[in-house]
Every structure is written in structure tokens, then in C-alpha cells.
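Could you put the whole structure together from the sequences, leaning on the hints where they help?
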Amino acid sequence: DVKVTQSSRYLVKRTGEKVFLECVQDMDHENMFWYRQDPGLGLRLIYFSYDVKMKEKGDIPEGYSVSREKKERFSLILESASTNQTSMYLCASSDRQGTAYGYTFGSGTRLTVV
Amino acid sequence: AQRVTQPEKLLSVFKGAPVELKCNYSYSGSPELFWYVQYSRQRLQLLLRHISRESIKGFTADLNKGETSFHLKKPFAQEEDSAMYYCALISGGYQKVTFGTGTKLQVIP
Numbered sequence: 001d002v003k004v005t006q007s008s009r010y011l012v013k014r015t016g017e018k019v020f021l022e023c024v025q026d027m028d029h030e031n032m033f034w035y036r037q038d039p040g041l042g043l044r045l046i047y048f049s050y051d052v053k054m055k056e057k058g059d060i061p062e063g064y065s066v067s068r069e070k071k072e073r074f075s076l077i078l079e080s081a082s083t084n085q086t087s088m089y090l091c092a093s094s095d096r097q098g099t100a101y102g103y104t105f106g107s108g109t110r111l112t113v114v
Numbered sequence: 001a002q003r004v005t006q007p008e009k010l011l012s013v014f015k016g017a018p019v020e021l022k023c024n025y026s027y028s029g030s031p032e033l034f035w036y037v038q039y040s041r042q043r044l045q046l047l048l049r050h051i052s053r054e055s056i057k058g059f060t061a062d063l064n065k066g067e068t069s070f071h072l073k074k075p076f077a078q079e080e081d082s083a084m085y086y087c088a089l090i091s092g093g094y095q096k097v098t099f100g101t102g103t104k105l106q107v108i109p
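As they're listed, the protein sequences go chains A and B. The numbering used here applies: residue 1 is where the first sequence begins, and numbers increase by one. The numbering used here applies: residue 1 is where the second sequence begins, and numbers increase by one.
Don't take every hint at face value.
To be verified - Sample of chain B residues with no beta-carbon within 10 angstroms of chain A, all distances over it, derived:
#: 1; residue: PRO7
#: 2; residue: LYS57
#: 3; residue: GLU80
Said to hold, decoys possible - Below, in silico cross-link-like pairs of lysine to aspartate or glutamate (DMTMM-like), each with a Cα-Cα straight-line distance of 20 angstroms or less:
#: 4; chain 1: B; residue 1: LYS96; chain 2: A; residue 2: GLU17
#: 5; chain 1: B; residue 1: LYS9; chain 2: A; residue 2: ASP38
#: 6; chain 1: B; residue 1: LYS96; chain 2: A; residue 2: ASP59
Hints are computed from structural coordinates only; laboratory data are not their basis. Remember, it's a predicted structure, so these values are computed and weren't measured experimentally. Cβ coordinates follow ideal geometry from the N, Cα and C atoms, glycine included.
Below, the structure written as C-alpha cells:
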């Protein structure tokens, strides 16, 4: 029944490392999103993609990039990890008529940068 | 720019008491609003959509365009309602969603 899968539940990386967070959905959704979730700040949109090879910046894209080479996979890349990127990262997807069913979320990746 | 405000970080109520989680929004277009819920150790999931005007797990939410609000209500709180609740606004052609900062609901037995 799992529809949005994030490859790692917990991840610990060192400052300056390049970090890849992977997300795969099996619902043939056009839209995919990366959010970070922090206490007191809620969910903030990092990047989203509405089609293969297409991407749009969200509200907090600095320090991140994304890749969408296939429809089902959306990767978040931290080019040079920093301690202020320690957070819970959530991937989500929706179809083009997302208002009907909302988002489907992954279980999240808790990233710690030391 | 669109914004969603949830003024309460924590709301504690006794079991059986009424619950109201507040949500206010600002958006220049016609809003489409949702409530999402995250139970402990579970993924975030959709609870309610304003367009469907449904009741889920006893919760309802009415869109009040005059007050730009979309408060979530339940007449009698249950312990299993304890969770984090996020109000969300959808905008744009690509279904981009703006979330509020969330309210933690704690139901005291």
C-alpha cells in the first residue's frame, strides 16, 4: 500500500558532504515536492517539480538542488551539507488535479549534519 | 503572497470537551484549503478538504471567506485525536501548497 517511499529514515552526514535524498512514488503522479519540517516553523517548500526534468524553486531553495530524470523519482541534493540543514525532510506527490485528493506524503528522512 | 496562520502551537483539552483548531489565511485568489494530520510516528496525511464539505473522524471545517478562516472543529475530543494538525492552502497551477506552522493537539484523559 506504500505509495511514496523515501529511501532513508535516518541519515547522519558530516558538514561539507554532498547529500542525496531519494523519493519514489508509484501513483504515476505528475507533481512532486520536497519540504522540510521544523518545530515551530511547520512545513516549508524547498523545490517542486510538475513534470520530468522540470523544477521550480519553493520558498527556501538556497543550499539545495533537485533532479527529476524519471516521472516516479524526485531527488533532493544538498550540495555541501551544513548544520542548519539538520531537519526532517518530507517528500510528497500529487496528480495534476491535486485539489481532489491532496498530497500523498512519504514517511520522511531525518537528516542530522554534524 | 499566500500565507496560512495557525496561532496556537499547543492546544490542550480534556477528553469529551469540544475542540477548535484555528486557521486563518491570506490569498488574493479563490482559496482551496485542507487540514492535514500527523499522528505520532506516522506520516502526514490528508484529513479534510474544504471542497468536499465532509466530516472525517468527527472533525468538520467550514470556509469563512469573510473572516478568511478555516477552523477545524470537533464536538467531543477523543484521546486518539492527539496529533499535530496543519492547515494548508493550495495555489497556482501546479498544486503548490502552503502550510501553516501547525498546532499540536493534546487530549487529556
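query: Hint by hint, which ones does this structure get wrong, listed from lowest number up?
result: Checked against the structure, the only hint that fails is number 4, while the rest are satisfied.
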